[in-house]
Structure formats: structure tokens, C-alpha cells
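Asks: Quick note, the sequences are listed as chains A and B, same order. Position in the first sequence counted from 1, then plus 910, gives you our numbering. Position in the second sequence counted from 1, then plus 5, gives you our numbering.
Read the hints as simulated data drawn from the structure, not as lab findings. Worth double-checking, as some hints may not be accurate.
Said to hold, decoys possible - The list that follows gives simulated cross-link-like pairs (lysine-lysine, DSS-like), each with its CA atoms no further than 27 Å apart:
| # | chain 1 | residue 1 | chain 2 | residue 2 |
| --- | --- | --- | --- | --- |
| 1 | B | K62 | A | K983 |
| 2 | B | K23 | B | K74 |
| 3 | B | K74 | B | K62 |
| 4 | A | K913 | A | K983 |
| 5 | B | K74 | B | K22 |
| 6 | B | K76 | A | K1011 |
| 7 | A | K1011 | B | K70 |
| 8 | B | K62 | B | K76 |
| 9 | B | K23 | B | K70 |
| 10 | B | K62 | A | K913 |
| 11 | B | K70 | B | K22 |
| 12 | A | K1011 | B | K62 |
| 13 | B | K23 | B | K76 |
| 14 | A | K1011 | B | K74 |
| 15 | B | K22 | B | K62 |
| 16 | A | K980 | A | K913 |
| 17 | B | K70 | A | K913 |
What the hints assert, rightly or not - One-sided excerpt, in silico: chain B residues whose CB lies under 10 Å from chain A:
| # | residue |
| --- | --- |
| 18 | Y36 |
| 19 | S38 |
| 20 | Y40 |
| 21 | F95 |
| 22 | A97 |
| 23 | Y108 |
Each residue gets a CB set at the ideal place from its N, CA and C atoms; glycine is no exception.
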Amino acid sequence: AQKITQTQPGMFVQEKEAVTLDCTYDTSDQSYGLFWYKQPSSGEMIFLIYQGSYDEQNATEGRYSLNFQKARKSANLVISASQLGDSAMYFCAMFHFGNEKLTFGTGTRL
Amino acid sequence: EAQVTQNPRYLITVTGKKLTVTCSQNMNHEYMSWYRQDPGLGLRQIYYSMNVEVTDKGDVPEGYKVSRKEKRNFPLILESPSPNQTSLYFCASSLSTGSDTQYFGPGTRLTVL
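Please build the complete structure, drawing on both the sequences and the hints.
Replies: Structural data, given as C-alpha cells:
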């Protein structure tokens, strides 16, 4: 069964600094995708970034980058130049191509 | 405007009273799914649908039913709600599979007394 682990329930970062949110995953399959979503206090879910398991380059979207280390099964989110508006809950999720399911971690509050 | 809508946004009900939460998307997406969000547990997938008349269980399907008679609609049915189904529910859709970006609805906060 696939599993996503986010070990940091809460993180603090100063404005303008970078922060890394950890995400590790467990799967025996080779074909999967990894997502990060942001949930501000207003409650909506906002897509941030996606990394496919076969993508050789780390994904980047503006101030967001995904540090993908396949051998370590980690997909950490790096937010550069943090802003006040980055305060939110962040969820890592994994899509499993074999069964079409999407599994979320428990989230990190930044 | 491309969006996923859910109704109602808030619902308080009593144990055993059947209810339906509607979900509709206007993006012609094939993949739709339901999640529940509980403190400390993140989001957990309840059911998902790959296309019309194709549905499958997620990780926590017990106590829920779904149907996909039309591409745009994916209602969540609680035949006999219980207090442990008190939660925040999200509907989401994506273009063709769950590997595409999921577009989430605004959420439905359900309280079962």
C-alpha cells in the first residue's frame, strides 16, 4: 500500500528566507506522481507543483521547487523568499498509476 | 469560469437521516473524486470515478455511496450518517486521471449529531 509521511506538524520561517517541507513516500511501484497542495486558512486547496517518477529534472514553479530524491523516496518542497501569504497548511500527495488512487500526507502547517 | 461546485457548503444533520452532497464540474473532466479531511489525518480518498458509470473505492469508502451518471456530476451519498462521519468533505476533478492536477471544490462541512 502506498503511504505518504510528513513528519513536521509545524514549521516557522522568517520572511524572505527559504524553507523546506519534508515528504517521504512508500511504494513498491515504479510509476507514480507526487503533488504538493497548499491550504490557506480560508480552506481551499491550491495546486503548487507536480513531479512524475520518471522525470529526471526536479520540478519548479516560480518560488516553489520540488527536491525529488527517488532512491531515498523523498519529495521535499522548497519555498524560496517566503512571504506572509505563504502561511498555510501544506500537503504532499502521491498518485499511484496502478490503481488510480491519490494518497495525501497529514500536512505541515507553515 | 472553470470550477468545481459543492452543495451544501455547511450541513448539520442527525444520525440516520440520509443525505446527499452534490458535486459538479464544468471543465469536462473525466476523473472525479471525494475526500474527507480530519485534523491530524490529512485528506483521505473516499471514492473516485474514472468516467461515467465507472467508480471505485478509495481508502475510506465505508458508509458512503457515489454515482456517476453524467460526466459533470459526482454526488456523495450518506445513506445512514453517523457521528464519525462528521468531517470536511472535498470534491475534486482532473482532466483524465488522478495524475493530472486536481481542481478542488470549496468543501462541505458536515456535522452529524
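Asks: Checking hints one by one. Is F95(B) an interface residue toward chain A, by the C-beta closer than 10 Å rule?
Replies: Hint on F95(B): holds, closest Cβ of chain A at ~6 Å, below 10 Å.
Asks: Is the straight-line distance between the alpha-carbon of K62(B) and that of K76(B) 27 Å or less?
Replies: holds (18 Å)
Asks: Decide if the proposed pair is consistent with the structure: K74(B) and K62(B), CA atoms, cutoff 27 Å inclusive.
Replies: holds (17 Å)
Asks: Given the hint that K913(A) pairs with K983(A), does the C-alpha gap stay at or below 27 Å?
Replies: holds (11 Å)
Asks: For the pair we were handed, K23(B) and K70(B), check the Cα-Cα distance against 27 Å.
Replies: Holds. K23(B) to K70(B) sits at ~11 Å (cutoff 27 Å).
Asks: Any CB of chain A closer than 10 Å to the CB of Y108(B)?
Replies: Holds: closest Cβ of chain A sits about 8 Å from Y108(B), inside 10 Å.
Asks: Taking 27 Å as the top limit, are the C-alpha atoms of K1011(A) and K62(B) close enough?
Replies: This hinted pair holds, its Cα atoms lying about 9 Å apart.
Asks: Given the hinted pair K74(B) and K22(B), is their alpha-carbon gap at most 27 Å?
Replies: holds (23 Å)
Asks: Check whether the Cα positions of K70(B) and K22(B) lie no farther apart than 27 Å.
Replies: holds (14 Å)
Asks: With the threshold set at 27 Å, check whether the alpha-carbon distance from K62(B) to K983(A) stays at or below it.
Replies: holds (26 Å)
Asks: Does Y36(B) meet its interface restraint, that is, does its C-beta lie within less than 10 Å of any C-beta in chain A?
Replies: holds (8 Å)
Asks: Quick one, are K1011(A) and K74(B) close enough, alpha carbons at most 27 Å?
Replies: holds (21 Å)
Of the numbered hints stated above, none is contradicted by the structure.
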